[in-house]
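There are 2 protein chains.
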Amino acid sequence: MIKSPICELCGIEYPVFQGGMAWISDGALAAAVSNAGGLGIISAMNAGADYLRREIAAARALTDKPFGVNIMLMSPHADEVAKVVAEESVPVVTTGAGSPSKYTEEWLAAGIVVIPVVASVASAKLAVRSGAAAVVAEGQESGGHIGELTTMALVPQVCDAVDVPVIAAGGIGDGRGMAAALMLGACGVQMGTRFLVAKECGVHKNYKDMVLRASDISTVTTGRRFGGNTCRCIKNSFARDFLKREYLPETTAEDVANLGVGALYRAAVEGDTKTGCFLAGQISGMVNKEETAEEIVRGVCAECELILNGSGKWVR
Amino acid sequence: MIKSPICELCGIEYPVFQGGMAWISDGALAAAVSNAGGLGIISAMNAGADYLRREIAAARALTDKPFGVNIMLMSPHADEVAKVVAEESVPVVTTGAGSPSKYTEEWLAAGIVVIPVVASVASAKLAVRSGAAAVVAEGQESGGHIGELTTMALVPQVCDAVDVPVIAAGGIGDGRGMAAALMLGACGVQMGTRFLVAKECGVHKNYKDMVLRASDISTVTTGRRFGGNTCRCIKNSFARDFLKREYLPETTAEDVANLGVGALYRAAVEGDTKTGCFLAGQISGMVNKEETAEEIVRGVCAECELILNGSGKWVR
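Sequences listed follow chains E and Z, in order. Using this note's numbering, read the first sequence as starting at 1 and increasing by one per residue. Using this note's numbering, read the second sequence as starting at 1001 and increasing by one per residue.
Among the hints, erroneous ones may be present.
Stated by the list, open to error - Listed next, the in silico DSSO-like pairs over lysine-lysine satisfying Cα-Cα at most 30 Å (straight line): (1) Z:Lys1003 x E:Lys3; (2) Z:Lys1235 x E:Lys235; (3) Z:Lys1274 x Z:Lys1289; (4) Z:Lys1313 x E:Lys313; (5) Z:Lys1313 x E:Lys244; (6) E:Lys289 x Z:Lys1003; (7) Z:Lys1313 x E:Lys3; (8) E:Lys125 x Z:Lys1125; (9) Z:Lys1313 x E:Lys125; (10) E:Lys235 x Z:Lys1125; (11) Z:Lys1102 x E:Lys125; (12) Z:Lys1003 x E:Lys125; (13) Z:Lys1125 x E:Lys208.
Claimed, not checked - Reference listing, derived: stretches of chain E covered by chain Z, where coverage requires no fewer than 3 residues with Cβ under 8 Å from a Cβ of chain Z: (14) 116 to 129; (15) 177 to 184; (16) 274 to 284.
Since the hints were derived computationally from the structure, they do not count as laboratory data. Predicted, not measured: the structure shown is a model, and the values here were computed from it. Even glycine gets a Cβ: it sits at the ideal position worked out from N, Cα and C.
Excised from the complex, chain E in its bound form (with noise of 0.2 Å):
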């Protein structure tokens, strides 16, 4: 069995991660990833405290394990999630879009696990600096927010700059994205994409189909001419229209903040495909099957752990 120091941080069989997705990753798909075995995480997206209170209720009802909350830092609830998750005492937290250092000292006396995602070497530093037991290192090949370092490059370079465990997101979408991350120097993987399909996941079928029909070029990444919200997404008819928009002379940053309003809804909870906005990483074109959250998790592990053994055969 793949076993990392992530396991005994955060008191899991495997060093698993799923990511925290705005309306995907709700109570009942972190407690079934951390029923798994792994690292289930409840995102707190764009909401308030009751929505997180209810899916963290619903998380500890189907779940004994530990699991985690992700917050976005760029939430206009973000001091009232970040109060929630000290008052309800969750075992880890994993934060985006900016640094949590504001929060941590509160989090920290509450006994948890602060792990930032981070997205270049200075931010690593800076979550270290301010009390992070762990970074995880999300490359641009994620789906969603992104920063503009590939996993490939970031995760040894933050390995170098920090001293805490490192845990590799983005592009991860089986046991040899796995074997990859722990040989750049990562003690644990985070996926997204690959969770957005399990079979516990409520998302709406529509999404899951989008990633499932997925080919290596479906992705494409909307938000960089003005930069600092760069999202990557399914190529549809609302990503080819943003990216139009986008581009047009007289558009402004305004405009560009103002075309993806409710499109992330639309897609994960009416599974409209065409103004819906699909946010998914690249390895959408390797995520061919919806699985359980256990399949997963063990699949991923277990071809990991496969690779590893069998990684004699190179050296002779």
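Since the structure of chain E is provided, determine the placement of chain Z on it from the hints.
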């Protein structure tokens, strides 16, 4: 020692290619890498037959080991340099920026091992159909002309799609990256940026210094707006100015193409840190010392071997 089918295919000791870099990978660098046991590759760049014949002769004067030539298929001289490699019976030819199918028959008849550089599953399949003995799957973390997929996402998808050996390129700067590439299914690696700072590389000292001093976030990509000619380079005043002009409302695709003319020559030959275009990969941040080609090839492989041999630590 790390060994793979690529070693037998190309007659080399270590499964390490040195990427073809215009104005940088000449006969001297290629010979140094080949003498070190890797595969040195001469860039035919946009030059004509005479330049290539001269560099091939230079390499042959320095080594009796196999080496390669990289042909940019968009070069106006592609037809003539394609003929030169056949006449000279160059052991290995790699190709970039398109499908080499128009030349492969002649090359195969001359006993050349043809290894196209690909950035997607479709181009990998096309390459194999037209007679490629292997492919280099190059992620967008690479320096120079790039595609969209990252190494982590591209390599396993290409490995699943073709039945020839796959060499991984992009984001590989040390033994960790090499070990990761092998886990993804590759059986060799190609490195450009790391060899750019080799002692035997005749590129201008200022170019080497730009790479040696770079951090993880020092590269940017130009040419994304109109597509088809995306380049990764170090963020200097040339790159900033390029990006500013690229996104001006009135700028056309032709304007963008003209912006880059002569800029790589100014960087590589003249060492002009302001107006030169310093193509380099995202791993520039971890390329921190000038070493001989032999130190690079053997050092990377030794580190890779150490990591592979130690990978049992993850399995309990």
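Verify the proposed pairing of Lys235 of chain E with Lys1125 of chain Z, using a straight-line Cα cut of 30 Å. Holds, at roughly 22 Å.
At a Cβ distance under 8 Å, does chain Z reach at least three residues of the stretch 116 to 129 of chain E? holds (count 3)
Given the hint that Lys1313 of chain Z pairs with Lys3 of chain E, does the C-alpha gap stay at or below 30 Å? Satisfied, since the Cα-Cα distance of roughly 8 Å is no more than 30 Å.
Just to be careful, I want the Cα atoms of Lys1003 of chain Z and Lys125 of chain E compared with a cutoff of 30 Å; is the pair within it? violated (37 Å)
Has the given pair, Lys1125 of chain Z with Lys208 of chain E, been kept, meaning a C-alpha gap of at most 30 Å? holds (27 Å)
Hey, Lys125 of chain E versus Lys1125 of chain Z, does the alpha-carbon distance stay inside 30 Å? At roughly 42 Å apart (the allowed maximum being 30 Å), Lys1125 of chain Z and Lys125 of chain E break the hint.
CA of Lys1274 of chain Z to CA of Lys1289 of chain Z, is that 30 Å or under? holds (23 Å)
Below or equal to 30 Å on CA atoms is what counts here, so check Lys1313 of chain Z against Lys244 of chain E. violated (50 Å)
For the pair we were handed, Lys1003 of chain Z and Lys3 of chain E, check the Cα-Cα distance against 30 Å. holds (28 Å)
Regarding the pair Lys1313 of chain Z and Lys125 of chain E, is the alpha-carbon distance no greater than 30 Å? The hint holds at about 26 Å.
Sort out whether Lys125 of chain E lies within 30 Å of Lys1102 of chain Z, counting only the CA atoms. Violated. Lys1102 of chain Z to Lys125 of chain E sits at ~50 Å, over the 30 Å cutoff.
Tell me if the straight-line CA distance from Lys1235 of chain Z to Lys235 of chain E falls inside 30 Å. Roughly 29 Å between the alpha carbons, so the hint for Lys1235 of chain Z and Lys235 of chain E holds.
Violation of the numbered hints given earlier is confined to hints 5, 6, 8, 11 and 12; the remaining hints are satisfied by the structure.
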